[in-house]
Amino acid sequence: MVTTERYINRELSWLEFSRRVLALTAREDFPLLEKARFLAIWASNMDEFFQVRVAGLKEQMAHGLRAVTPDGMTPAQQLNAIKTEVDAQYEEVSKRFMAEMAPALAAEGIVFSDYSTLDAEDRDFLDTQFRELVFPVVTPLAVDPSHPFPYISNLSLNLAILVRNPETGIARFARVKIPPVLPRFVVLPDGERFVPLEQVIAAHIESLFPGMEVLRHHAFRVTRNADFEVEEDEGGDLLMAIESELTQRRFGKVVRLEVHPDIPDDVLELLVREMGAGEDDIYRVEGPLDLSGLWSLYDLDRPELKFDVFAGVVPPRLSTPLPETMDIFEVIRQGDLLVHHPYDSFTSTVETFITKAAKDPDVLAIKVTLYRTTRDSQIMRSLIEAAEEGKQVVALVELKARFDEERNIEWAQRLEDSGVHVMYGVVGLKTHTKVALVVRREGDRLVRYAHIGTGNYNERTARSYEDIGVFTADPDLGADLSDLFNYLTGYSRQKGYRKLAVSPDGIRNQMMEMIASETWRGDGHITLKMNSLVDPGIIDALYAASQAGTRVDLIVRGICCLRAGAPGLSENITVRSIVGRYLEHSRIYRFGARGRERHYLIGSADMMPRNLDRRVEALSPVTDPDLQFRLDEILDVVLADDNLGWEMRPDGSWRRVAAHHDMDAQVALQILAMARANAHL
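Position in the sequence shown (from 1) plus 718 gives the number in this note's numbering.
What the hints contain is simulated information worked out from the structure, not anything from laboratory work.
Everything hinted at is true.
Calculated pairs, DMTMM-like style, for lysine to aspartate or glutamate (alpha carbon to alpha carbon, straight line, at most 25 angstroms):
(1) Lys-971 <-> Asp-983
(2) Lys-1074 <-> Glu-1103
(3) Lys-813 <-> Glu-1004
(4) Lys-801 <-> Glu-987
(5) Lys-813 <-> Glu-997
(6) Lys-801 <-> Asp-998
The structure presented is a predicted model; accordingly, all values stated were derived computationally and were not measured.
Produce the entire structure from the sequences given, and follow the hints as far as they go.
Dropping the structure here:
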């Protein structure tokens, strides 16, 4: 029976993860600008949560849907609980920023200045900045009988302004949008004092309404529903559909209205009425709105206030006196190679694999799935170069990668213009798997080289996301990837694979079989590392394993709907979360106890219904003993962490792991990577 005792609500579990991210801003051992970065991350994460998750619940309410989640909550109950928790987090963020972070930054010379407190010289500088850089792009919009209430775009920061005609005495409402094309903060000449852009505009507001009296002005920020489902059919144009939906996203319903506590009731009522918002959409925030703007502080050249830069090491097997002469294909032929980012350099491994394949005259084809990438991607440039050299290049570009749609459309068009065969995947399924296949002519035969990973082919995030990748020349895995690409690009009805587990269907079946295989052993042991655990079927199987006496160790970075350590349900299950400098992103699934044969899977899929049933995902077995040793090392280090680690209590709440050895898993893995590299020198 589904009860609230059996499952934890998905949305509330995500908000618990949000609290763990927020807790990083209070760590004494984190540099100051890193704390600012994590506060910006918290704010950006919260934006996405409202645009997608809260928006989805409000849509359910609007359509009269009252279906309960596995934990037994209706949409209305979830929204009420979310409101209470988010209000509490806003209060904590305001105190953290105003009482702790801003004074600490000021002590380092990084001062959030108020326009009203500046001297004449600083004001003269800001006056010039406003006239030359701000005024030309600011557009005041009036509201009167001939000017309807203006559209307020998603995630926009605005000033609500009340102006009065001195001749008629009539007061009118106006709105000024803070231009998103300009920096969130204006930097004063010393380079380390910042004034919020909305204050600079507010200080010059009369110049936007000449001849009028400005009575009041108040900042507000709007978040809209940005979750959409593209209607696909075999004859439709997915590219055009995505572009159309991106336009529609700007006009979604309001799901959050952020204001300062001192906003007058009449102004707030006008905003709520004209934008169709509700009382439960209002969030009163002390301090600056939109703290994602703190990313601009992180760009300051203050290395002493950041973590030391770690570029990642070159794996020993790829280390040669002259990297340009290194034959990566020969290295892979000698045996499978595991890379662990960011500890192992993405540039010297994954990027090199694609770059050398593009230049190698013996390479005939390159096929790759692309979910999220960068605007200046070297991998993309290499694919274009390969196509221009006459190689068969196939890029499966996932246009439905949320909030990266525009970038993916841009790259898809550039790739097509260069002769790359660009495909958009299977109708009705999002392609989330991270795989690359290189076909190379060697003598009188063709050899397939593969990369199967847990992270995107994205050079930027590979420096801050923790991910696993395996390079292999295994013929069966190569053949599986050929079949997988044929499924993605053609009309294949491929179901079975030699070694890969592929969703939909395949991954769920394999995971359930492997959990069952450990459930009825006297020494059963299951260790799973993932981003999210939501799927009720997988959770129930893990509960059954625990009740049969199997030890279950879970490492879940974010959402976890399983309740750990609950009497009669999950006494043998522990759940940990590592939240630190790097975003834990790898998926590693290990089955078996130490001292006997173990089975390992790595890949792109979390244990969520969307990954198992509505996405194309792939998990690959890892059978090489040396690679299994590396995976054991990673899991053992993470499970031993008592510095960054959190553990779930039986009531579903989280607490820090009790410190005994002050072992930071991310520091330890960095040290191990450097030790491997140095031992090779």
